[in-house]
Structures are given as C-alpha cells and as structure tokens.
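Chemist: Chains as they are written, first to last, in the numbering used here: chain A, 1 to 634; chain B, 635 to 818; chain C, 819 to 922; chain D, 923 to 1435.
Take the hints with a grain of salt, since some may be wrong.
What the hints assert, rightly or not - Listed below are the simulated EDC-like cross-link pairs for lysine to aspartate or glutamate, each with C-alpha atoms no more than 20 Å apart in a straight line:
1) A:K551 - A:D540
2) B:K810 - C:D916
3) B:K810 - C:E910
Don't read these hints as lab results, they were simulated from the structure.
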Amino acid sequence: MHDFIWIIPLMPLLGAIINGLFGHILKGKAGFIASVAVLISFLYTVRAFFIVMDGTIIHNELFTWIQAGDFTAGAAVLVDQLSIVMMLVVTGVGFLIHVYSNGYMHGDRTVGKFFSYLNLFLFSMLMLVMGDNLLLLYLGWEGVGVCSYLLIGYFYEKESASKAGLKAFLANRVGDFGFAIGIFIIFSTIGTITYAGIEGQVDKLMAAGVVTSAALLLFMGACGKSAQFPLYIWLPDAMEGPTPVSALIHAATMVTAGVYMVARLSFLFVRSDVAMMVIVIIGTFTALFAATMALVNNDIKRVLAYSTISQLGYMFIGVGVGAFAAGVFHLMTHAFFKALLFLGAGAVMHSLADETDIRKMGNLYGKIKITALTFIMAWLAISGIPPFSGFFSKDEILAHAFLYSPLVWVFGAIGAFLTAFYMSRLVFLTFFGESRVEPEVEKHIHENPPVMTIPLMVLAVLSVVGGLIGIPAGLAYLWGGENHFANFLSPVFANAASYSEPHHISHALEYGLMAASILIALGGIYLAYLMYIKKAMDPDAIANRFSGAYKVLSNKYYVDEGVEAGILNPIVRFSQWLWHFVDTRVIDGFVNSAGKIVWLLSLIARRVQTGYVQHYASVMVVGVILILAYYIFR
Amino acid sequence: MAIEEILFWFFAVAAVAGGLGVVLHPNPIKSALFLVMTFFALAGEYILLMGHFVAIVHIAVYAGAIMVLFLFVIMLLNVPEETRQGGVWGAMRYVALGLFVFLSFQLSYFGFQDFFGDKQQLVKETEIGTVESIGMSLFSEYVLPFEIASILLITAMVGAIYLSKSKLIIEESKKKKAVEKEDH
Amino acid sequence: MGTLSIPLHYFLILAAVLFGLGVIGVITRRNAIVIFMSIELMLNAVNLTFVAFSNYLNNVEGHIFVFMVMVVAAAEVAVGLAIIVAIFRLRETVHVDDIRLLKW
Amino acid sequence: MEMSSLLNWVTFLPALGALVLLAIPRTETQLVKSWGLLVSLITFLASIPLFIMFDGNSAAMQFTTQMDWIPAIGASYHVGIDGLSILLYVLTTFIMPLAIFASWNSITERVKEYMIAMLILESAMLGVFISLDLILFYLFWEAMLIPMYLLIGVWGGKRRIYAALKFVVYTMVGSVLMLVAIVFLYILNNTYTGAYSFDLMAIMNLKISFSAQIWLFLAFALAFAIKVPMFPFHTWLPDAHVEAPTAGSVILAGVLLKMGTYGLLRFNLTLFPQAWEYFTPLFLWLGVIGILYGAWVAMVQTDIKKLVAYSSVSHLGFIILGMFAMTVTSMQGGILQMVNHGVSSGALFLAVGMIYERRHTREISEFGGVTRVMPVFSAFFLIICLSSLGLPGTNGFVGEFLILVGSYGNYPVFTIVATVGIIFAAAYLLWMFRRVMFGPLTEKNKSLTDLDGREIAIMIPVILMIFWIGVYPSTFTAKTEKTVEALIEKANKAKAEMVIEGRKPILSDFLGE
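Construct all of the structure, not just a fragment, from the sequences and the given hints.
Modeler: What follows is the structure, given as structure tokens:
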C-alpha cells in the first residue's frame, strides 16, 4: 500500500534523465521541467505528511536490490516522522531553489546539464532520507557526494572550481570509508542492516562490545558529509559552485545528512556514551572553530559557508547531548534561513556583476530593498533574536547542552555571540554604511526579477514562522501549548529516550538561559554596530594590534596548506617513489635482468665459435679421446 | 728375425717417416711426395698381410689417381710454402702433439690389450686376400654396394664439374677482379 | 698354410701411429690441400687396420670394406679439391686462416 | 538444438568465422571487418540462450559434452559450464563485438590477419572457460597467447615488441610450471585409479597428500598469479596495455585478466583445498598490497592507459580478497566484480581509445577542458569512471561492497586496509578525469570532434550493462549462488580434515615428508 510514495524520489530522477538526454534541445524550458518535477514530489510529500501525521508509518519494498549469501539489501522505503520532516525540507526548499535557479542561471550555455544534476541530487537526497536500510543510506550518501562534485565543478573551465569539486568528493570519500566500515561491523555482528533490524538487536551489538566503534565510524562518515572538524576543508572551497547549488547542497540539505544519520540511528548512538561525548566535543569545537574563521573572511559566500559549518556544529551538539528533536529542529530552521542567506547573497552578487568581496559593497539597502529586507530577516533569525526561528531552535539546543554540562553551554554561548557578531558585520558591510561599489558597477545595480525574489520572500516567511512550531516546552507552558515539533518526532526517538534518563529542565533555569542567549545575541550585534556603522572602534586598528591572530584566522589556520603538505604531498611523493623505484627498477629490474643473464651467458658461449676449422677438428678429436678413455677405464 | 719381420719394420719405418714428412714439411709438393712414399710403404704392408688385391688397387687408386690430382691442383693453384710460423701454428703444435700422443697411445693400447702376451696372434697365410676371393664375394654378396659405389663416383664427378663450372663463382671472381683493377 | 712371424698387433700400432700423424696434420697445417692429404693418411691407417683384422678373422669383408673406403676417398678428393679451387678463385688463397665464414 | 551442442557451437563459431575469412581477399577490408563483426555478434546472440537456460539453482556442470580426444593418453574433450564460468563466458561474447567494432578505423594495415587473430582469440578464450579436461584447458590456455601476442606485437605502439615478448615470456614461465603440475596429477591419478585420464572431475576426488598439494598449488597459483596479475608479477600489464591497440587492451583487461582468478577458483580451490587454506594469509597479503600498490602507482601515472592498467591491478586485488575470504557473500562479490571489472575497464579502454584515435597521444598533460568540445564523450567517460570507482547504483559498487562486507566477517584487518583502497580509487580516477576533461580548454584540443554514431553505438551497451548490474544485480548473482555455496562447503569440509596432531600444519611438516 502507499505505492505512491515511490513517485517522490522517482520524479526528480525522471527530470534528471529528461534534462540529461535532451538538455541541449530544451535549453530554456529545462529549468521549468526540473521545477515541475520537484513540485510534484513536494505535493506528494505533503500528502504523505498527512498520512504520517495520523501515526501510520509507510514501509514499501519495491524489489530486493542485492542478495548474496546471507547479505540482503532491499530497495525499500521507510517514511516515518523523521524522514517526512527531512523530505519536506528537501523538497520544499529544493523547489524554491529550483525556481530561484531559473532566474539565476538564466542564459547559461548548458543550463540543461545544470538542472539535470540538480534533480539527480534531489533524487539521491530523497533516497538517503527515505531508505529503510544502511545500504540505501550509503547509496544516497555517495549519490549526493557525486552530485555535489559535479555541481561544484559546474564551471569546469575554472581551474579552481574543478579542483574544489575533486577536493569535496575525496573528503566525502574519506568519510564514506568510515561509514562503510561501520556498516561492515554492524552486518558482521548482527547480520542485518535495516534500521528496524538494528534497533531490534542493538543489545546484541552492546554485548559484542562493538557499539562504540560502530557509532564512532558512522560518525566519521557524518563528519565527512556534514563538514565537521577534521573533514570540513572542502565546504569553503565548495563555494566555487553556482550560488543556488551552495544554497541547496551546502546549506539546506546535503550537509545535514550527517545529522539525519545520527538522529536516525539514535538508538545506536545513545548506547555508547563515549560516542555521544565525542560528537559533543567535535560539535562544540567545530562551532567555535568555524565561527572564528568567519570573523575575518571578506568573501560573502565563504562567511556563510563557515557559518554553516558552525551551525552544523550546533546541530551535532544537539544530537550529541541526546536532544535529538532539538537537533533536527535546528536543522530545519537552519535550512530555511541559511538557504535564504545564500540566495540573498546570490541576488546581491547577481546585481553587482558577481562581486563577492564585501569590502567592495555597502549601502545597497536602498537599491535592492526586497533582497535586503529578506536578508535582514534571515540575519535576525540566525543571530537568535526572538521571535525568529533561529532563537527557538538554538536556544533549545543550548538548554539541553547546559543540562549535559555547563561548560558546553558556555562554549555554545560564545559561539552564538561570534555568530551574531560576524553575521551583523556581514549585513552592515553589505547593506549599510557608505557605498564602496565601483562607480560603473553601481550605475546598473538593479532589483532581481520576481522569479528570484519570490522564493526569497517565501523563505523569509518560513524563517520567521518556522520557529513557532517548535517553541520550547518551557515557553509554551506559559500559554498551555507544548512543543509540537518534539512531540511529533517523539515516537522516532522513543527507543533512545527510554534508554537514557530523561532530562527535566526547571522552567526557571530555562527562562534564565533564554534571557542570557538574547543578551548575548544583542551584545554581538551591538559590538558589530559599534565597529562597522558608528566606527567607534576601528576594525583595522584591532586587526593590526592582534596582527598575529588576525593573520592566522584569515589564512584559515593554514589547515589547507597543512593538509596539502602533511598528507597529500607525502602520498604523491611516496607513489612516485613506488612507481619509479619499486616498479620500474626493482620488479622490472628482476624481469629484465633475467633476460640480461641469458645474454651474458651467451657471450661466453660465443667464444667457442672461432671460425677456424682446426679448432672444431681438435674439439672432435678430444671427443674421440674421451670416448676411448671411457672404454678403456670402464 | 724372419725376413717378413725385417720387411715389416722396413715398411713401417717408411710409412711413419712419410707420415711425418707429410705433416711437418712446409712445402706442399714435398709433403705430397712424402705421402706417395707412405702409400708405397702401406702397399708393402698389405702384401705382408696377404692382401695382394688391396695392395695393387691401393697403389693404383691412391698413388696413381688421387696423388696426381693433388699434385695437379697444387701446381694449378701455385700454392706457396707455408711461411706463417706464429699464430695458430705455434699454439696448435703443442695441442696437436698432446692429442697425437694421447690418441695413438689409446689406439695402440687396444692393439696391445687384445693381442699381447699369450693371446699373441701371428699373421696367417690365407687365401682370402687374392683377387679371386675378393672378386667372388664382391660380385655375389656385395653386388649392391658395388653398384652404389659407382653411383657415388658419378655424383662426385658431376659435383666436381658443376663446382668448377658454376656461373656464380665465375661472375663473383670477375667482379672481384674488376674491383681490384679500380683500386690500383 | 703357416704363419708369418709378425705379430698382428704390430700392424695395429702402426695404424694407430699413422692415424695420430694424420690428426696432427689436419690440426696444425695451414694449407687446405695438406689437410686433405692428412685426411687421406688417416683413411689409409684405417684401411690398414681393416686388412689386419680381415687377416685375423680370415674374412674377406675387410678387403671389401677397404675397397669401399677407397671409392669414398676418391669421391671425397674430387669434390674437395673442386671446392678448394672454387674458394681459391674467390679468395685467392687456400690459407685456412683466411677462410673463416663460420666466425660468429 | 540441444544445449550442450549449442555450447560447442558458440565456442567454435568464431574459429569457423576465422576460417571463412581466409577465403575473403585481403583488399576487401570493409567486407573483412563487417564479417568479423557479424560473426562475433552472432556468437553473442547465440550465447544469450545459454545464459537464460542456465539453471541457477544447481551447482552441477551443465550442457556438458564428453568425447574421446586422444584416447592413447586419456585426454578427452570434456566441456561444461557452471556458476563460475557462465558469467565470464557471456562477458567474453559481450565484449568481443565491442572490441571489433571499436577497431573499425584504428586498424588500417593487415586488417584480414587482425580479424582472424581476434576471432581465434575469442574461440580460445571461450574454450578456456568451458574446458573440464586439464590438457584441453592447457591447450586453450596456450592457444590464447598466440593471437594476443600478434595483436600486441604487430598492431601495437612503439615498444610493442618488448611488451609483446615480455607478455608471452611472463605467461609462458607460469604456464610451463602448470603443465608440470598437470602431468604430476595425471600420474598421481594413474597410481590411485589405474585409469589414464586428465579429466578434472576424476582428479577432483583424488586424495592428494598435503605436501603434494602444497607444491601443486604453488605451480598452478604461479601461472594464475601472473595472469591475474597479482602484486609482484604485474609489471607486464602496463607495458602490454600501453603498447596494445585499443581492441587488444579491451580484451586483455576485459577477459584475459579474469583467466587468472577463474583458474584459481576452478583449479586451486577445488583440487587443493588444504593448500588453499594454508596459503590464504599469503594471498590475502598479496591481494591487499596489490590494491594499495596499484592505486598509489596509478595515481601518479602520466599515461592514461598505464593508469587504467594499474587500476586493474588494484581492482583485481579486491577480487583476490573476495575469493580468499571464503564466505559465500565475498566469493559471489568476487565473481560479480570479475564481470564488473571486465565491463568497466573494457569501457575505460574503449574511451581512451577514442581519444587516442583523435589526438594520437595518451599523455594526460596533453589534454584539458575536453568536455567543452566533446560533451557526449565526457558524459559517457564520467559514467564509466564512476562505475570503475564503485559509485552505488553502478556495477562497481555492488561487487566491491559484497567483497568487503563478506570478507569483514573473517578478516577484519585486511578488509579495513582494502577499504582504504576505495578512497584512492576515487582519487586517481577523478584526478585523471579532472586533468583531462575539466580545466581550461587547451589550444591543441580545440579541434577535437565529438563521438560519431559508431562510437556511441559501442558505448550504449556498456552503459546499459553498468546500470543493469548496478540496479538489479540479482539476475547475475542468482546464477552463481548455488555453485559458490557448494564450492565453499566442499572446501570447509576438506579444511576440517586438515588438522594434523590437533594443530594447523606448518612449513616444516611438508618439508619433513
């Protein structure tokens, strides 16, 4: 039953195939087809949402994909509360971004190819969130990896873009390495890889003592995909891709796959405190680490990229401390306002002839009012100003983090402060203050076409309203409501909740924390206001005073160069040595020397053929003598 | 010392001296003549062994025909005396000497071993060496080898004629001569 | 029919010595024709042994064989000298050192 | 048409086609080429019913024919197909038409001899997969060398003589030892059963002593290890690939390399299970080293074909791991990966051949931004690269994943090291892809023309195959299921009897006897 569910992933796949094969013919209409495909799957997702709302979980198997020995993996779909939320986000935001791309990619030579990749990405993402076993999760995982590789490297004629694409794929692949080993451990211990199967036999995993290693390895896969600390290096470079790609893939959907995985396997992660602690540590560290880098970056998209990494850190803190619902809630709200921020940045770049350096912007508020207004709403949301969505989701994570350990809350708060500061810096430098735009560019700054601004507006509404559905219980208690979002997701996390003891926050503590986070947010904004609008404190002066720190930050802690020198070059040099020395000299050496030895022996043998007849005669006579000698002495 | 024994030693010494002459004398003509002397000595030996027919045929074929051919060719090619002393001559002399000693010792050992001492055999006077007995067996039992021998001789002659007449060698030598003329 | 007082092995030793001389001739001499002569010498040494044994065995085949050897010797000399003449035409020499086509 | 006679027909059809070719005059190159293509297509079509009628759930030999061939020494013409060989058999007939069609324009001189060599090669290869008599197997095994030697030696690149000679001598060294082993088995069989026979089935249930097994195993294993190629014996492959013409490389990578792994399963595992168990750690080590070594060296290659050659070393390392891990899942993964590698690497060589035909160079540095002028080719090449690095949804992933998931149970450490291989697989393939297809369009590549009808017709069946195995692999895995289970169960039973004095035998045991 519910066979219609298969339409949701297959429509984008169909769109991808059509655009892929006939893209060059369709030219302009390719965008339209792609958007329609996503719209259809969005509508069906809404229909599925209502089915799931009244409690029925859709499970439908099309055919057994792989069956060999005792390993079986079915091509089956499981749509429960968690996946329907993700599907709504993916298809909803995806649809808006598709519409936006029609405008943004207008006039691109191979627009068919672009939309084919975009649809293929949506198909993979939907398979990722809808699959009922780890193998389908892995299929979606690598599928989105390839699509991000293709889309980042879309402007393949730019050397940097193709390099960034490759870097992204390899970094993801390193993560997938851990993910794959995690699957192997789980399969070899309990023989099944479906979520239901794992949930049922999780105690067997506990008994075998592999829960921690499996959880950590799976988390390694999540780090690769959601750009957490060791494997985040690819996300800033991924900004080489077109902006709608950054919005869809590197803000709203793909990067959240890691959080989805941890949430989906909550019953597994919860059972290993070590793993949870590692997740929290890495989440906190990444949040702070990325925020610091965002402070000094001058490229509008890279700032947003670092902020994404930072916000993902928060989500991981959320799931790390066991508040899975809070983590997913922040994921959803983040998808809205971060997608909006990126699309806004795209609109700004579009109207400033693809200028990305915020030092060459300023005072755009008057000229592109709609983009500015929507951007400001998203800014307020991300900074955590009530009643915007960001406040509720981030605050709930911080509240649970406080219960986990106050230290985490402190770091979280610092992170929130930095977030508020660098976002305000971004907004002030872009939209307010004096205009630093080059004169000829300034002349034809124009508002973007409606096909781009309408999605901005819709996303703006979502980032404002989005927070209301998940108002933390403490606040909702005031007027008798409760956290609808958390309740909606509770059945999915029932197993995890039952295992770990429930956290109960006293209302007083919650209000205190909320007040604190509001103050922090306002503080961050006010500091940025002082520095960039009122020029009370000259940012350059501070930069010179802490020149050492500033240089390190602006060079992204030299991580890229470190990875390059520390890992990549040694491997390449080692392979060179392997090839030139081991392969050609040693192994081929043996092979060729075998030939040479035969040649040398023949050199000696050659001496016998002197050409003198007498020599041959004398050798014959010696032969005769030997024979006779044999007869004599026999 | 019976008369036969004296004859034997006379012929033996002649044969060996001839052999040495053939081998050691630098001038090919002299060595050819020494060979003729050996042939006569051997004929004598055959007679001692009652091989009369063989002796006569030996002299006719070898001394008569083959040596004449040799001398003819030596004269035709005006073969110079062997002057080159160094090179292979030097080194090979000792090798040859060594081989000679070894070989002849071994062969004679066989001779000694079977017929020496009590088993000593003396030469018997037999009739088999005569023309009559050879002729009888040659044309009864061994008529086929006899005919084949004739075929062999025919082919040898044809071969010799062809070799000396072959156009290839003639042109080759003409060409060589032409080249030499240009050089001078 | 009596016996001559010459022991048979004298002949065999004589043949051995002649054969050895032939071998020396073939190996040391530089002149193709003299080598030919040495070969003839070796052949005759063999003939002598044949006749000696045919006398000892009182069998006529030894003589027949000597006859055949002579045929072969004649054929061989004919063809051999023709070859030497041909080589002489080409190389203007019968000196064995110069005729070294077999040199590798 | 009774199935077993169809099997004989399909095997010898190409050879008959080659005979007919003798009649066609040399000047009619077009007729010669189309005839070759026609014959190989008919062979492929005729092999499809074989695949369909093959009964998946029986492990026994099917479509067998047994006739006396040389009664004097007991060599019989005994052929049959089971789970191990059916997939490789059809793979061969699938790849041949593509290879012949791909060499349509690239081969200009001696076209007739080329076509004859190709068709005879096909018959020899098919023969190897179905022969169940040791001497028959050895005959086909050697017969396969000659045409391949000609293909590389005559129509190859600059250093073709060196490459061809190295290829033949390398393989000969191995197979000569195998012949010695075959003769030993022949005598052993005679001493036990009195009958003189080379029949594999008879030799299979011989009780071979452990020490004899060790040496026989090594003899066979050396011949197959060279063919696979396993780590230390692989240096002939890059040379052979770089110098071989496109079709030669496709067949070399597509089918010839599988002979090694197929041989290991057919002979080493079935005949010497104890020795197999004894040497498993060694071969696992060599396989895993092969994976990493092949990947690393491939990464730094400057010539595309050499890169793909080393990637074959890496892929076959996975297959070795799958085979020696001795679980049904990993074994099936291994067999499927043989087919996948045949399709993917064959396609890679086809693609490289297409660029080579246009630019007559294979140096990566010579290319850049080719996607701009050859978009269709770029799409095909991308799909093939992704299938080769094992992207889920394509054929490479199914095989690789099954191998790894299957072998983790028995050998976790080896599997983890092998899984590192998939990172480098992506590295070298996509790095090459970026340097060739992406980046700014260099001056020299401006004049490249995109794929024409013929080339697209070659690529389409390969792409279909890639997605068919990727999305619905059970059509293939169902065929091999029962045979693999029977194989492993028999091996495990033999392993049980192997324990000497309660402990596993060590080297000194067999030296002692």
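Chemist: Take the hints in turn and mark each one as holding or not.
Modeler: Against the structure, the hints come out as follows:
1. A:K551 - A:D540: Holds, at roughly 12 Å.
2. B:K810 - C:D916: 16 Å, holds
3. B:K810 - C:E910: Cα-Cα ~10 Å, so holds.
No hint from the list above goes unmet by this structure.
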